[in-house]
Amino acid sequence: MNGRISKRRAAERDLVDVFHYYLSKKTLKTARGFLTQAEATFERLAKMPSLGTRYHLPGRDDVEVRYMPISRFRMYIVFYRPATDGVEILRVIHGARDIESLAGLHPG
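Numbering of the sequence shown is given in the working numbering, commencing with residue 2 and proceeding in unit increments.
The set of hints was computed from the structure by calculation and includes no laboratory data.
Some hints here could point you the wrong way.
Stated by the list, open to error - Here are the simulated SDA-like pairs of lysine to any residue, each with C-alpha atoms no more than 20 Å apart in a straight line:
hint, residue 1, residue 2
1, LYS30, TYR77
2, LYS48, ARG9
3, LYS30, ARG73
4, LYS8, SER51
5, LYS30, LEU16
6, LYS8, ARG55
7, LYS8, VAL64
8, LYS8, ARG67
9, LYS8, LEU52
10, LYS26, ARG73
11, LYS26, LEU36
12, LYS30, VAL17
13, LYS8, TYR56
14, LYS48, PRO83
15, LYS8, VAL66
16, LYS26, ALA97
17, LYS27, SER72
18, LYS8, LEU36
19, LYS8, MET69
20, LYS48, PRO70
21, LYS8, SER72
22, LYS48, ILE71
23, LYS8, HIS95
24, LYS26, ARG98
25, LYS48, GLN38
26, LYS30, VAL19
27, LYS48, ARG82
28, LYS8, ALA41
29, LYS27, TYR77
30, LYS8, PHE74
31, LYS26, TYR77
32, LYS30, SER72
33, LYS8, GLU40
34, LYS48, GLY4
35, LYS8, ILE100
Based on the provided sequences and hints, a complete structural model is requested.
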């Protein structure tokens, strides 16, 4: 059974930004490969929402946010929320960034 995949605007922007980064620094093939692997990761998470690791938001134990690296582009991390019928993709962030300071991880 396939679950639903919902993406926040911030996650859509993240995907476009990474695509353009790879397009400018690498090749079109690499940029497309990133998007393909990101979507494959989203689909896997939608089928098994508990697959990723729980991410503890400071002061928000009531909110379940999880994360998982993108296959073959493991430096990029998908932050998502399990939903009753799939997942909500919150952000797609490079692992070297200061994750605590980024907006968009606090569902609401």
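Run the distance test for LYS8 versus LEU36: straight-line Cα separation, threshold 20 Å.
holds, 14 Å
Can the restraint linking LYS26 and LEU36 be considered satisfied, given a maximum Cα separation of 20 Å?
holds, 15 Å
Below or equal to 20 Å on CA atoms is what counts here, so check LYS48 against PRO83.
holds, 10 Å
Between LYS48 and ARG9, does the CA-CA distance stay at or below 20 Å?
Cα-Cα ~19 Å, so holds.
For the pair supplied as a hint, LYS8 and LEU52, confirm whether the alpha-carbon distance does not exceed 20 Å.
Holds, because 18 Å separates the two Cα atoms, which is no more than 20 Å.
Would the hint linking LYS30 and VAL19 be met if the CA-CA limit is 20 Å?
Holds, because 13 Å separates the two Cα atoms, which is no more than 20 Å.
Take the C-alpha atoms of LYS8 and ILE100, compute the straight-line distance between them, and say whether it is at most 20 Å.
Status holds; Cα separation ~18 Å.
Does LYS8 pair with VAL66 here, judged by a C-alpha cut-off of 20 Å?
Distance of about 14 Å is within 20 Å: holds.
Can you confirm whether the C-alpha distance between LYS8 and GLU40 stays at or below 20 Å?
Measuring from Cα to Cα gives roughly 11 Å; hence the hint holds.
Are LYS30 and SER72 close enough, with their CA atoms no more than 20 Å apart?
holds, 16 Å
Taking 20 Å as the top limit, are the C-alpha atoms of LYS8 and MET69 close enough?
holds, 15 Å
Distance restraint between LYS48 and PRO70, which requires alpha-carbon spacing of 20 Å or less:
holds, 16 Å
The structure is consistent with each of the numbered hints, conforming to all of them.
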